[in-house]
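Engineer: Sequence:
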Amino acid sequence: TALVPVGNCQIPIHMALSNNKPLRDVQDLWHASPSMLAYVDPQSGLYPFALASCAAKTELKGIVRGFNRRGPSVKLYDWLDATRNMDGAEEEASCYLLGCIYDMLR
Numbered sequence: 001t002a003l004v005p006v007g008n009c010q011i012p013i014h015m016a017l018s019n020n021k022p023l024r025d026v027q028d029l030w031h032a033s034p035s036m037l038a039y040v041d042p043q044s045g046l047y048p049f050a051l052a053s054c055a056a057k058t059e060l061k062g063i064v065r066g067f068n069r070r071g072p073s074v075k076l077y078d079w080l081d082a083t084r085n086m087d088g089a090e091e092e093a094s095c096y097l098l099g100c101i102y103d104m105l106r
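Under our numbering, think of the first position of the sequence shown as 1, with each following residue one higher.
In case anyone wonders, no lab produced these hints; they're calculated from the structure.
Note that CB positions come from ideal geometry on N, CA and C, so glycine has one too.
Accuracy of the hints is not assured; some may be wrong.
As the list claims (entries may be wrong) - In silico EDC-like links for lysine to aspartate or glutamate, alpha-carbon gap of 16 Å or less:
1) K61 x E92
2) K57 x E90
3) K57 x E92
4) K61 x E90
5) K57 x E91
6) K61 x E91
Unchecked claim - Label pairs and their in silico Cβ distance ranges:
7) N20 x G45: 26 to 34 Å
8) C95 x D25: 24 to 32 Å
9) K21 x S94: 13 to 21 Å
Taking the hints into account, I'd like the entire structure generated from these sequences.
Structural biologist: Shown next, in the form of structure tokens:
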């Protein structure tokens, strides 16, 4: 199950967030097993929502870099309209990532 610790005593959501997996992908883990959100990561001492906030900052930087060079990472975020101005796109990406974290706390 999603609550079985692996290698370094982390459950899968801790590992995914620690390795900066996109929050969009990590959502499947917590939707499959919402109870995992109550477990503190033994490596960092943080709950999943706190790990997600760190991952979101890294993810947002990647999204912004993608918009700046209009590279392949833009295609991963089809929920954003890449033709908008940079400020609007960055704001929309920030809102999406914040929404993911909020969803963990509900």
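Engineer: Each of the hints needs a verdict: does it hold here or not?
Structural biologist: Hints versus structure:
no.	hint	result
1	K61 x E92	holds (13 Å)
2	K57 x E90	holds (12 Å)
3	K57 x E92	holds (14 Å)
4	K61 x E90	holds (9 Å)
5	K57 x E91	holds (13 Å)
6	K61 x E91	holds (12 Å)
7	N20 x G45: 26 to 34 Å	violated (18 Å)
8	C95 x D25: 24 to 32 Å	violated (18 Å)
9	K21 x S94: 13 to 21 Å	holds (18 Å)
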